[in-house]
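Below are the chains, spelled out letter by letter.
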Amino acid sequence: MSKTMVLSQSRPFRPLALGKIAAGLLVALILFFLILPTLIVIPISFGSAPYIEFPPSGLTLHWYLEYFSDPDWIAATLFSLRIALFTTLAATIIGTLAAVALVRGDLPGKSLILGLALSPLIVPHIIIAIAVYLFFAPLGLTGNFFGFLLAHTMLTVPYVVVAISASLQRFDPILEMAALNCGAGRARTFFEIVLPQITPGVMTGAVLAFISSFDEATVAFFISGIGGKTITKKLFEDIDLNLTPVIAAVSTIIVVISILLMGAIRLVQNRTST
Amino acid sequence: MKGENVTVRGVAKCYGSVTAVENVSVDVKPGEFLSLLGASGSGKTTLLMMIAGFELPSAGLIEIGATDVTHVAPNKRNVGMVFQRYALFPHMSVHNNVAFPLRMRRIDRAQIERRVGDALAMVQLDAFGNRMPSQLSGGQQQRVALARALVFEPPVLLMDEPLGALDKKLREQLQIEIKTLQQRLGVTVIYVTHDQEEALTMSDRIAVMGNGHIAQIGSPASLYSEPASPFVAEFIGKMNFLPVEYLGPSQSGQRIRVSDASTLSVTRSLNGHSQELSPGLLLQAAIRPENISLTARGSGGADAIAGTIETSIYLGTHQILLVNMDGRSGPPLHVQYPASHVVSTFARGDAVDIVFQTNAIHLFSGKGDSHD
Amino acid sequence: MTSLEIGRSNPTTSMRFKRLFLVSGTAGRYPPLLAAILILPLLLLLFFSFLYPVGRVLVGSLFDPGFTVENYIRIFTEPLYLKVLLRTLWIAFVTTAGAFILGYPVAYAMSRAGGKLTLWIAICVLVPLWTSVLVRSYAWIILLQRKGVINDILIGTGILDHPLKLIYTEGAVFLAMTHVLMPIMILPIYSSLRTIPKELPQAAANLGAGAFTTFLKITLPLSLPGVFAGTLMTFILALGFYVTPALVGGPQTLMMSTLIGQQTTVLLNWPFAGALAMLLLTVTLVLTFMFRRFLASSGGFGNV
Numbered sequence: 001m002s003k004t005m006v007l008s009q010s011r012p013f014r015p016l017a018l019g020k021i022a023a024g025l026l027v028a029l030i031l032f033f034l035i036l037p038t039l040i041v042i043p044i045s046f047g048s049a050p051y052i053e054f055p056p057s058g059l060t061l062h063w064y065l066e067y068f069s070d071p072d073w074i075a076a077t078l079f080s081l082r083i084a085l086f087t088t089l090a091a092t093i094i095g096t097l098a099a100v101a102l103v104r105g106d107l108p109g110k111s112l113i114l115g116l117a118l119s120p121l122i123v124p125h126i127i128i129a130i131a132v133y134l135f136f137a138p139l140g141l142t143g144n145f146f147g148f149l150l151a152h153t154m155l156t157v158p159y160v161v162v163a164i165s166a167s168l169q170r171f172d173p174i175l176e177m178a179a180l181n182c183g184a185g186r187a188r189t190f191f192e193i194v195l196p197q198i199t200p201g202v203m204t205g206a207v208l209a210f211i212s213s214f215d216e217a218t219v220a221f222f223i224s225g226i227g228g229k230t231i232t233k234k235l236f237e238d239i240d241l242n243l244t245p246v247i248a249a250v251s252t253i254i255v256v257i258s259i260l261l262m263g264a265i266r267l268v269q270n271r272t273s274t
Numbered sequence: 001m002k003g004e005n006v007t008v009r010g011v012a013k014c015y016g017s018v019t020a021v022e023n024v025s026v027d028v029k030p031g032e033f034l035s036l037l038g039a040s041g042s043g044k045t046t047l048l049m050m051i052a053g054f055e056l057p058s059a060g061l062i063e064i065g066a067t068d069v070t071h072v073a074p075n076k077r078n079v080g081m082v083f084q085r086y087a088l089f090p091h092m093s094v095h096n097n098v099a100f101p102l103r104m105r106r107i108d109r110a111q112i113e114r115r116v117g118d119a120l121a122m123v124q125l126d127a128f129g130n131r132m133p134s135q136l137s138g139g140q141q142q143r144v145a146l147a148r149a150l151v152f153e154p155p156v157l158l159m160d161e162p163l164g165a166l167d168k169k170l171r172e173q174l175q176i177e178i179k180t181l182q183q184r185l186g187v188t189v190i191y192v193t194h195d196q197e198e199a200l201t202m203s204d205r206i207a208v209m210g211n212g213h214i215a216q217i218g219s220p221a222s223l224y225s226e227p228a229s230p231f232v233a234e235f236i237g238k239m240n241f242l243p244v245e246y247l248g249p250s251q252s253g254q255r256i257r258v259s260d261a262s263t264l265s266v267t268r269s270l271n272g273h274s275q276e277l278s279p280g281l282l283l284q285a286a287i288r289p290e291n292i293s294l295t296a297r298g299s300g301g302a303d304a305i306a307g308t309i310e311t312s313i314y315l316g317t318h319q320i321l322l323v324n325m326d327g328r329s330g331p332p333l334h335v336q337y338p339a340s341h342v343v344s345t346f347a348r349g350d351a352v353d354i355v356f357q358t359n360a361i362h363l364f365s366g367k368g369d370s371h372d
Numbered sequence: 001m002t003s004l005e006i007g008r009s010n011p012t013t014s015m016r017f018k019r020l021f022l023v024s025g026t027a028g029r030y031p032p033l034l035a036a037i038l039i040l041p042l043l044l045l046l047f048f049s050f051l052y053p054v055g056r057v058l059v060g061s062l063f064d065p066g067f068t069v070e071n072y073i074r075i076f077t078e079p080l081y082l083k084v085l086l087r088t089l090w091i092a093f094v095t096t097a098g099a100f101i102l103g104y105p106v107a108y109a110m111s112r113a114g115g116k117l118t119l120w121i122a123i124c125v126l127v128p129l130w131t132s133v134l135v136r137s138y139a140w141i142i143l144l145q146r147k148g149v150i151n152d153i154l155i156g157t158g159i160l161d162h163p164l165k166l167i168y169t170e171g172a173v174f175l176a177m178t179h180v181l182m183p184i185m186i187l188p189i190y191s192s193l194r195t196i197p198k199e200l201p202q203a204a205a206n207l208g209a210g211a212f213t214t215f216l217k218i219t220l221p222l223s224l225p226g227v228f229a230g231t232l233m234t235f236i237l238a239l240g241f242y243v244t245p246a247l248v249g250g251p252q253t254l255m256m257s258t259l260i261g262q263q264t265t266v267l268l269n270w271p272f273a274g275a276l277a278m279l280l281l282t283v284t285l286v287l288t289f290m291f292r293r294f295l296a297s298s299g300g301f302g303n304v
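Protein chains in written order, with my numbering: chain H, 1 to 274; chain R, 1 to 372; chain P, 1 to 304.
Fair warning: there could be bad hints in the mix.
Unchecked claim - Straight-line alpha carbon distances no greater than 25 Å define the calculated DMTMM-like cross-link-like pairs of lysine to aspartate or glutamate that follow:
no. : chain 1 : residue 1 : chain 2 : residue 2
1   : R       : K238      : R       : D167
2   : R       : K76       : H       : E53
3   : P       : K147      : H       : D106
4   : R       : K168      : R       : E310
5   : R       : K238      : R       : D353
6   : R       : K238      : R       : E198
7   : R       : K179      : R       : D27
8   : R       : K179      : R       : E32
9   : R       : K2        : R       : E22
10  : R       : K76       : H       : D106
11  : R       : K29       : R       : E153
12  : P       : K165      : H       : E192
13  : P       : K147      : H       : D172
14  : R       : K169      : R       : D195
15  : R       : K2        : R       : E32
16  : P       : K147      : H       : E53
17  : R       : K168      : R       : E153
18  : R       : K76       : R       : D126
19  : P       : K165      : H       : E53
20  : P       : K147      : H       : E66
21  : R       : K76       : H       : D172
22  : H       : K20       : P       : E199
23  : H       : K229      : H       : D240
24  : P       : K165      : P       : D152
25  : R       : K179      : R       : E245
26  : R       : K238      : R       : D326
27  : H       : K229      : H       : E53
28  : R       : K76       : R       : D27
29  : R       : K29       : R       : E177
30  : R       : K238      : R       : E290
31  : R       : K179      : R       : D108
32  : R       : K238      : R       : E153
33  : P       : K165      : H       : D72
34  : P       : K165      : H       : E66
35  : R       : K76       : R       : E63
36  : P       : K83       : P       : E70
37  : R       : K76       : R       : E153
38  : P       : K147      : H       : D238
If you are wondering where the hints come from, they were derived from the structure by calculation, not from laboratory data.
Computed from a predicted structure; not experimentally measured.
Take these sequences, add in the hints, and give me the full structure.
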């Protein structure tokens, strides 16, 4: 090689650092773009004007009080919470059993079943929504707690399966073998040996299921009815027809709940990865 | 605790078109320490798993004591098992780990406490009951695993390369401890290992496995001095192999040609093959390094073979000399002397006479199939 | 129950059956029958709440009441519907591109930054992800309204006299959807970037490559599995998105999902809605398989 390579010793420091700073600013800007909308609901919810005003001219808790005293809002919130709770229970149980079978079981056609188990994730929610709606409507299952339970469990089970599968795959099968050798049956082995070890995965799956169910908007929009309306459906309706800062208050509450739950997951995950 | 016998009769295991174990039969006597020795893929672990109940044999019979356990679930076989990766329950303390099998057998609390204490004392870990497995060293964890496997006084103990993850010194120490414990308790042990030194140290009998078969079963001494095939000869201890030509019987024994210039007499009885020997037949000769001696060139006698020293390796307890035979290509011979023996006269490049101990030369079929 | 009973010496047929299908297995694995029992609840759930309803929609779109493909033909012959389909594809494409352009730097920064900084970036990415899409769409309404935050700022600082029409436009849909979908794009890319051993860029630098070359020739290609995963998921979600376009878009931004919704609940033309839905589903599935095929042939990566 006739040309000798001149390495970076002779390159001046400044352009490199400048480039890094510019890049950092760019990323910061994008991150601001990302987080801004989620956070903007918070100050709006405390604004004293009866319309959207930024920055708010006065601060008040009026909108929160209106939310807590409105029977419609409270009914919708309780309905959503009830559904989310029982969905979590159902999805966690069904998902745990399925994850165990998929990771540890000798099943024929496993990849097909796995694909099926995850398919609610890739099918657009609008299709699921109208499919379930058209199925429920003649059966009178719209606005019905059990109808929602069925639909939401189906939608959230994939999250549970994925979370628990991840945990299970890190779990050495040799421990189950040791337990069997010591005389424990399959059920005993599962509850005393496997479950304590995969608890982080189960917890993560459960929280994901809860949030997914509580936040779910599309399917809930279609299968809500006179008998029951979720908080997301009411939000949707009010945004369309009755836009007041109460919505901002409700949104803030939802944001806070989401942050708390996701923070809990992080803590669980951090505790186990050390 | 009384050990029971284990009978394996015609056991085979196939996974689809792959045969992991084929037609294996072995009778383990009560209280015996049997090693299953082989390289990975030899089928030894699969065989152990079938005895433990974690794999279902494709054919054959397994009995523990007088009971047919071939189709019995692994949690109902009442055998102790120790795994290579310890398999201690990480969320339970040492005490609870050891107590687990007793709880599964619905033994009352007081008895559990007593027996767990005894078991931990047996492995010298009495004070460690409250520790978690993650707080223990590898050797300590393996001891806990041993305690857990023995606490319910099983008639048979199965061990799957339990010391593989430990360093050499610790391994040697634990080998002695395990052997001592076994002899004291009288439990039957089936021990899987790939380390032939370990097998030689601990076993009453060794079953050498290759390709899913048992190549030979016998006491360590008999396997060492009377290997039935080149495979076994090579597996146990170090062996030098030489392709030779059979010349015919003579007064001093069977004559074989070692190289163009040299012939030898073999005085031990022939083993390995019952086929007819005819002059001109190509065979494999095998001899252990400690059965070869070296003298200065010209002083070895009639059957000596000329050779040149290539290297000398010092190993503390003994010394190994690598010697090339003149007139032959191929790997050098390993010759072993105890370190106390004075061989400082030999140095690299020296011309020597190689003398084989004639009653220590094994002859095998010359088909070059060193793996059965 | 007594202490362990060792099996009897002559196993009966039922014991053999139990042993083979219920109890035994290869070391550490559950036997087929037991596994089947465990997975049954999931399969039942999926059948009754997912497969059957979707199947009904498919059947309903083809039988109206007799067998007919009229509904499908209508989609492709009436210009309105074709337009909607193309618009949906276009919006999905632009949104995905936008999410990629904005998202990749974030993923890159997240993978390169250390401890605390990564955490803060992760928060900025995950908090929106786990907030309801309704809340995020509502936030964009707050920002883009005539009397929304952006217009307030523009007018307040004197840049404009009268407010811009920002909301209910195609631009609003692009903006809001890109925002909503960015975390979906970022996370797989971050995952991929994280698996690149730190030593590789170091080795490249040691061999004389500049920062940009290192990125182009080493980092980017190795992060492609994550890029593909993120792009695929973002695009598919964008195609079927209902909430955000419905809230933030206007009548000129009618997308497939909104159209399907209208046909179902407003026009009550269920067979036609079904046909539209099946078309959307087909496009989604075809894209998924194509991408997976492409991934498999280009080296593959873990599950999506």
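**OP:** Taking the numbered hints from earlier one at a time, note which ones the structure violates and give those numbers from smallest to largest.
**Re:** 2, 3, 4, 9, 12, 13, 17, 18, 25, 27, 31, 32, 33, 34
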